[in-house]
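S.K.: Keeping the supplied structure of chain A fixed, place chain B upon it in accordance with the hints.
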Amino acid sequence: MTFTLLLEQIFNGLQSGVTLFLIAAGLTLILGVMNFVFLAHGAQVMIGAYAAASLISITGNFYVAALAAIPITFLCGYVLEYLLIRHLYQRDHMDQVLATFGLILFFNELIRIGFGPAALFSNLPPSLSGFVYILPDSPYPVYRLLVIGVGLVCAAGIYYLVTRTKIGAMVRAGASNESMAAALGVNIRLLRRFIFSAGACFAGIAGIMLGPLTAVEPGMGEPLLILSLVVIIIGGLGSVHGAFIAAVVVGIVDTLGRVVLPLLLRSVMEQSAADGAGPALASMMVYLLMTVVLVFKPTGLFPAKG
Amino acid sequence: MKRIVVAILAIAAVASGAVFLLPAQNNKVKVGYMTTLSGGAGIIGKQMQNAVNLAMEHTNGKLGGKDAEVIFVDDQRKPDVAKQLANRLIKSDKVDVIAGVIWSNLLMAIHKPVTRSDTLLISSNAGPSPIAGEGCHKNFVSMSWQNDQTPEGMGKYLQDSGVKSVYLMAPNYQAGKDMLSGFKRHYTGDIVGEVYTKLGQADFQAELSALRAVKPAATFVFQPGGMGINFVKQWNQAGMNDLSKLFTVFTVDGVSLPALKDTALGVIATQTWSPDLDNAMNQKFVADYQAKHGGYPSFYAAQAYDTMMAIDYAIGKAGSADTEAMRAVLADGGIPTTRGELQMNTNQFPIQNVYLREVVLDSDGVATTKVIDTVFEDHGDAYAKDCKF
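In the order they appear, the protein sequences are chains A and B.
Residues in the first sequence are numbered consecutively from 27, following the numbering used here.
Residues in the second sequence are numbered consecutively from 736, following the numbering used here.
In case anyone wonders, no lab produced these hints; they're calculated from the structure.
Don't be surprised by glycine CBs; every beta carbon is placed ideally from N, CA and C.
Some hints could be false.
Which residues of chain B face chain A? A few of them, derived with a C-beta cut under 8 Å, are [as the list claims (entries may be wrong)]:
(1) 775
(2) 778
(3) 781
(4) 907
(5) 937
(6) 944
(7) 945
(8) 964
(9) 965
(10) 972
(11) 998
(12) 1001
Computed beta-carbon distance windows for the label pairs [said to hold, decoys possible]:
(13) 97/A <-> 894/B: 51 to 59 Å
(14) 175/A <-> 897/B: 39 to 47 Å
(15) 160/A <-> 924/B: 50 to 58 Å
(16) 762/B <-> 97/A: 54 to 62 Å
Coverage of chain B stretches by chain A, computed from C-beta distances (three or more under 8 Å per stretch; other residues unrestricted) [unchecked claim]:
(17) 924–931
(18) 983–997
Next comes chain B alone, as it looks inside the complex:
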């Protein structure tokens, strides 16, 4: 008798478990999208949010043909907040994917907790070196770039153009260090100065005075977001253009150009994307974004759009939002993006072209960027060889 009771209870438990699991399988696909929506970097997050919403419009609110929901969270650019939010998304919202993340220091903070919880983590921007090499994890996929890739292009370009001396400047945090070490990987000329500024610095006049005293042939700068606006403004006001030529990464883009307008004309940068890239997906994205929000999207927006399209592609091809299945599809590459079909490296960072872009005025007199050359074709990052899952 006792045995029968136990058996019935066991069956009941299994059955109720199955019942409990059933709605979970039918449930919507949930994506937690983390970005910075408040504070000085709020504009970046806003553009990414616009792009994510545009992507969801283009897929009719579905991801891989399944009903989907995107939960936006504001990390306030604080690593501790990012960590709490990631926890909440995993444990209480039970999302299938966590995507987004602008800042490398924030991605570093959530990388372990998210990947270990067996949730897929997709970066729309940050690509710090520690998680591309030895610290890599199979549950992390980048839909942007590894931090070093873009400045590597600039280093190569300056090396090939025979520039003799370069002065380097970046904010003092993980991405700043990655950018400068990436630049130095392909540039073997003289580095006449290497300055780390404060993250969020508003006034660069003191650094510019010091730079003027050195008189480098070229100056290479990484100052993302509002810092880029400050830097380029003050660079012009200090008359530095007569003294040195400015080369940048992630400094002059769709976020800062509306505030800089034609004062940034002629500034050269490398980037893996540009609004004028000639492929159908990119042109549709740029045109629809402009129609909806006015003004050019930034690379942040393009990468956010690509991230959603990659999730759509992965779920569609895998047939489910299972972490391992989605990961396997993305790791295979051939992902349709605004940068064309994207191939993936062994550490699940993209292998992609690095373009040289210049700030120009479009036919309506609006400042934008134009591709003038391709520095690297199908360029992978330097850390993939150290990554073993």
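So here's chain A without its partners, still in its complex pose:
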């Protein structure tokens, strides 16, 4: 494998990593700070993608639609928290799992009723469908660079919000000891609603950006949910910067594993055996990584609770 190809694959890994981070950032706070098991986070990704895709077909402008879809996803999170989630905080984890698993089915069916079972049409605007040469002889799609850019900006924004603002101080206080934070006058109810809606919004942004890249269809968020749970476990519950590092690592390991592993195996064993084992091993890579991290650091790399 040449250096250019390796660099390109690292970019690919970074792009899937920042997308994962956007999904995992909200989830790690919901799990870590609110101690709430939320399985329907993939639905927020789907809502973002559907909101953007349908706004594009109405307005005809990708940028307007993408920007307008962001508050919609925030609102969806807010309404969901108000109607259902807040009633579940005091229940045990099993109830939360059951209720939010039900939400996955509910949202998928709702989307199916509203938009039909077929995938929606969504494509890039011409202004974003070009290429940039990251190295001579290595064209890279502009849109994917934009995804990386937006992901990094969001990550910086979340980092600033959590470490430099008052809200962030409350979030961190909540993460380390919720009842103590409440005793010191933090409005935990409002804080939870804000965290939940913000988490939904970030997942929505991931969905908005994924729309032009992948099929916008019911259930599109579920495969991402599992990977983002892996990210959270590796990064440590409740830790935003842990989630960022873990997401990028998972993105790159997954991408390189898919491309490099079959080649490596082919050089050491028969081709038909390598073709069978390569993809199987590649899809296990991130879980192996998670296992290794858990063996050495059972609470993840950067746990929020000391």
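M.R.: Only chain B this time, still in chain A's reference frame:
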């Protein structure tokens, strides 16, 4: 005295048995139709369900002139669920035929239990190689194709057009392997890459980057359903068209085209069916489907329609829904379908034409496929010779 009692009891038992059997014979013909109605592949199942219902409308709710009932079950694309459902259809619904099945791995899971229970199993789509050769069973009939047949057409076409090097890509499961081995059967040029992706993969950018480094003259892809939408989108976005020409099977069709629209223009594929095939049955099917559901039917829908029409034909000609009688009629061939009169191979898979189709815009500007050539005429599969019932 004792003997007389025994005799009376025996007669009573036989008589009650006969009484018990009588309503069963008068009963409706029952077809259990298994497809994927939920999850990402739900759209495929929906189209098949639409087509089955359309077929039942065209036969006035009867199959072979007998009152009929179709029971739809959702396999959720899971082999274990498929197995449970097949069991339920056989034991509690007591269906005469189990039909449908999109996925090869699911068909493999239910093939043995269904055929051994002496229920007729008809595939509307999947055609895995193990059950076409040595593992074949007389109670299984395919109304679609053997997996290898369609990619064989593509391999032959690329071979005949003198394409020097091809890069292959398919998901890592039974059908993916069948597709690539079918392609290689008639293509003897350079295979410069052979990549198996994850089933259900959403992002192919890493694979496309690797492909770009190889610069093959042609790329052959099998990515059914939502994976096809993802792949073709990303193929275009990565500007791969300047580098390599894309050839597909089961990737760009009536299911994915509404989501791809003109971004898929010019993509070439082989297929045993196309909405523009010129025969009366096909034209009626396509026109009625469009009138009812808007948009073109996919090959999945056409094959589902053919399956119901084949059951109708088999029961009509055999005069009953008896498994062996229906099977014998279907094995004889001459089945009326949207692909014309279909002949059957010795392993009960169709012998049929393989067409070359291109994505074009119709007169209303809707993306669809058009037949541009016939690669194989009356093409049988490669496994039939190993099949002995």
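S.K.: It remains to establish, for every hint, whether it holds in the given structure.
M.R.: Hint-by-hint comparison with the structure:
1. This hint holds: residue 775/B has a C-beta 5 Å from the nearest C-beta of chain A, less than the 8 Å allowed.
2. About 4 Å separates the beta-carbon of residue 778/B from the nearest beta-carbon of chain A, less than 8 Å, and the hint is met.
3. Residue-level restraint check for residue 781/B holds (minimum Cβ-Cβ distance to chain A is 5 Å; threshold 8 Å).
4. Of the supplied interface hints, the one on residue 907/B holds, with its beta-carbon coming within about 4 Å of a beta-carbon of chain A, less than 8 Å.
5. At about 5 Å, the closest approach between the beta carbon of residue 937/B and any beta carbon in chain A falls short of 8 Å, and the interface hint on this residue holds.
6. Restraint check, residue 944/B versus chain A: the minimum CB separation of about 5 Å is within 8 Å; hint holds.
7. Checking residue 945/B against chain A: minimum C-beta separation of about 5 Å stays under 8 Å; hint holds.
8. Annotation: interface hint on residue 964/B holds; nearest CB of chain A at approximately 4 Å, less than 8 Å.
9. Satisfaction of the interface hint for residue 965/B is found here, the shortest Cβ-Cβ separation to chain A being roughly 5 Å, below the 8 Å cut-off.
10. The closest approach between the C-beta of residue 972/B and any C-beta of chain A is roughly 5 Å, which is under the 8 Å cut-off, so the hint is satisfied.
11. Contact between residue 998/B and chain A, as hinted, is supported at the beta carbon level, the nearest pair being about 6 Å apart and thus within 8 Å.
12. Because the beta carbon of residue 1001/B sits about 16 Å from the nearest beta carbon in chain A, more than 8 Å, this interface hint is broken.
13. For the hinted restraint 51 to 59 Å between residue 97/A and residue 894/B, the CB-CB distance of approximately 55 Å keeps it satisfied.
14. A hinted range of 39 to 47 Å for the beta carbons of residue 175/A and residue 897/B is consistent with their spacing of about 44 Å.
15. In this structure, residue 160/A and residue 924/B break the distance hint of 50 to 58 Å, their C-beta atoms being roughly 32 Å apart.
16. At about 58 Å, the beta-carbon gap between residue 762/B and residue 97/A stays in the expected band of 54 to 62 Å.
17. Figure legend: the stretch 924–931 of chain B, annotated as covered by chain A; annotation consistent (3 residues with Cβ-Cβ distances under 8 Å, at least 3 required).
18. Proximity of the stretch 983–997 of chain B to chain A, defined as three or more residues with a beta carbon under 8 Å from a beta carbon of that chain, is established by the 6 residues found.
The structure does not agree with the numbered hints 12, 15 stated previously, though it agrees with the rest.
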